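Take a look at the letters that make up each chain.
Number of protein chains: 2
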Amino acid sequence: MAQTHLWFTELQNDNLTIGLRIEKTIHSEKTEYQQLDVYKTVQYGNLLVLDGCIMTTDKDEFVYHEMLAHVPLHTHPNPKSVLVVGGGDGGIIREVIKHPSVERAVLAEIDGRVVEASKKYFPHIASGLSDPRVDVQIVDGIRYVEEHPNEFDVILIDSTDPVGPAVGLFQRPFYESVFRALKEDGLMAAQTESPFINQDLIRQVYGDVRATFPVAKLYLAYVPTYPTGMWSFTLGSKKYRPQDVSEVRVHDTKYYNREIHHASLALPNFVKELVGE
Amino acid sequence: MAQTHLWFTELQNDNLTIGLRIEKTIHSEKTEYQQLDVYKTVQYGNLLVLDGCIMTTDKDEFVYHEMLAHVPLHTHPNPKSVLVVGGGDGGIIREVIKHPSVERAVLAEIDGRVVEASKKYFPHIASGLSDPRVDVQIVDGIRYVEEHPNEFDVILIDSTDPVGPAVGLFQRPFYESVFRALKEDGLMAAQTESPFINQDLIRQVYGDVRATFPVAKLYLAYVPTYPTGMWSFTLGSKKYRPQDVSEVRVHDTKYYNREIHHASLALPNFVKELVGE
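Protein chains in written order, with full-length UniProt numbering: chain A, 1 to 277; chain B, 1 to 277.
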C-alpha cells in the first residue's frame, strides 16, 4: 500500500515556506474573527494555526512565551498588575504568573474560540488560565486598553501577524494608548516579527515605540517555527531599562535565564542599523 | 497564461521542510563527490546546494561565515596561521583574512568543483580566494590535518552535514588530529548543526571536543536558511577562552560585533542541559 504523507505548509511570504509533516488534522473551524486549525505534527507535537499562520507548537512554544514574558517582567522591579493583549492560547499568562509579585493578570483576547481550543488541545500551554489571579476577558484589546488608564505595571502584546484583526496592534495610536494604561513606572513589550524579512514593520514599530516611551529596546529570540527562526520583540518603558537587570526571579524555564536576558539585547550589526542603534 | 512557480524545497529531516521560491536553475552537476546545484531565488539571491542540502545563499551567508570565523579568531590574541577544512565557497576565508595578523590561510577542500562554482556564481563570497596570503588546496581535509602537525593557530571546520564525505569530520579521531595540527596555544571551531533537532550529534561532538581540549564552548547564531534557524558551533581551545575576549579587531561585519561575540556564548537552559554546562 502506498504511504500517505500529509504536510502543513505555511507560505511565510510570497517566496518562503516552512513545512511540517502532520499525522492528522485535529480541529478546524471558522470563528467570528479567523480560520482556526489544529494539527498533530510529527516533529513539533500539536500545532495551532490562525488564518494559515503558525501560532505555536507544543515543542517550541516555550521560547516565544518565556521571552515575551520574562524579559519585560524582570525589567520591572515589582510587577503586580499585568495585562496580556491577545495571547488567547494562554502561554504568556502561564509565564506571567510564575512571578511571585504578580497579583492580577488580565488576558484581553478578542476571539474566545482560541481560548477554548487551547484549553482543549494545548492544556499545558493554557494551564495558567484557571489560576485565581487570572482574569480572562473576551474583548477587543484595543478598546480594553483605552478604557483602563493608569492601571498596569506591565502590558504584553501577544498578537498575530499584522494582517486581519491584529493590524491596529502595530499602530502608533495603540502604543500611545498602552502608555496611558500603564502606571507611571510601567513598561510594555510586543512581538514584532523577523528582522530578516519584516524590516519595514520593525523600523516603523520601533520608531513609534521610541517616540512614545523614554526607553525603547529591541530584543531577539530563536523561534524555529516562525519565519527565518529569528524573532524580535520591542520593549517600551517609562523608567526601567532591561539592560539594568541583575537578578532573575524565575528559574523554572527552558530557554530564559540571566545570561539569555542580556544576550537577547545584543543586536547584530544589520539589526542595529535597522533600528538606528 | 498560467503563471509558473518554481520552488526549491529542502527536506531538513523526515518531518520538516524549508522552501525557497526560485526564478531558475543556474547550474547543476554531479561532481566526483556530490551533487552540486545553484539556483537563483527570489528572496535570498543565489543559492548553493550540495546533495540536496542548503549550503549558503547570497543574502544570509554573512551570519554563518562571520560567526564561524570571528568568534574563534578573536579568541586567539594573534592568529597568524589559519586552516579552513571544507568551506570551498570561500566565505570563511574571506572573513579570516580580515584579521590583520593573519599571514597565511590554507583552504583544504576535497571538491575543487565547489571552489570553481563559487568563484563563478558567488563572486562576493569567493572574493578572498585570490588573496596572496591564501593557499587553496584541493585535498582530503582529514589527511591534510594529519600531515601538518603543530602548524596552525586556528583551525575552522566548515563542513557539510554529517552524511557523505563529511562524516569523518564529526568523529573523535579527527578532533584529536586537529589538536595535534594546532600549535601549543591553538584553537579550533566547527559547525555543529541545530540544538533543536540534532541533539544527539551535538552531545557527541561536544563530548569529544571537551575530552580532547582543555577549553570547550558551544555558541549560537541565527541562520535563516538552516534547519530551525538556530545554529551551533563548537569551539575547542588549548589555552584561550572565548569568554575572555574584550576587544574586537574586525569591524566591517554585518552580524558580528563585541556584544554578539559574548551573546553567542549565552545558552538557553535546554541547550545548557544538552551539553551538560
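If you're looking for bench data, these hints aren't it; they were derived computationally from the structure.
The structure displayed is predicted, hence computed values, not measured ones.
Do not take every clue at face value.
The list makes no distinction among identical chains, and a pair is therefore deemed to hold if it is satisfied within one copy or across any two copies.
What the hints assert, rightly or not - Think about it this way: if two alpha-carbon atoms lie no more than 25 angstroms apart in a straight line, the pair counts; the simulated SDA-like pairs of lysine to any residue are:
| no. | residue 1 | residue 2 |
| --- | --- | --- |
| 1 | Lys120 | Asn78 |
| 2 | Lys80 | Val245 |
| 3 | Lys80 | Thr17 |
| 4 | Lys59 | Thr17 |
| 5 | Lys40 | Glu247 |
| 6 | Lys254 | Tyr121 |
| 7 | Lys239 | Asp131 |
| 8 | Lys239 | Glu259 |
| 9 | Lys183 | Val49 |
| 10 | Lys119 | Ile202 |
| 11 | Lys120 | Thr4 |
Quick rundown of the hints versus the structure:
no.: 1; hint: Lys120 with Asn78; verdict: neither (33 angstroms within a copy, 59 angstroms between copies)
no.: 2; hint: Lys80 with Val245; verdict: within (17 angstroms within a copy, 39 angstroms between copies)
no.: 3; hint: Lys80 with Thr17; verdict: neither (41 angstroms within a copy, 43 angstroms between copies)
no.: 4; hint: Lys59 with Thr17; verdict: both (19 angstroms within a copy, 17 angstroms between copies)
no.: 5; hint: Lys40 with Glu247; verdict: neither (38 angstroms within a copy, 48 angstroms between copies)
no.: 6; hint: Lys254 with Tyr121; verdict: within (21 angstroms within a copy, 42 angstroms between copies)
no.: 7; hint: Lys239 with Asp131; verdict: neither (30 angstroms within a copy, 51 angstroms between copies)
no.: 8; hint: Lys239 with Glu259; verdict: both (22 angstroms within a copy, 24 angstroms between copies)
no.: 9; hint: Lys183 with Val49; verdict: neither (34 angstroms within a copy, 53 angstroms between copies)
no.: 10; hint: Lys119 with Ile202; verdict: neither (32 angstroms within a copy, 35 angstroms between copies)
no.: 11; hint: Lys120 with Thr4; verdict: neither (27 angstroms within a copy, 41 angstroms between copies)
Hint violations for this structure: numbers 1, 3, 5, 7, 9, 10, 11, all remaining hints satisfied.
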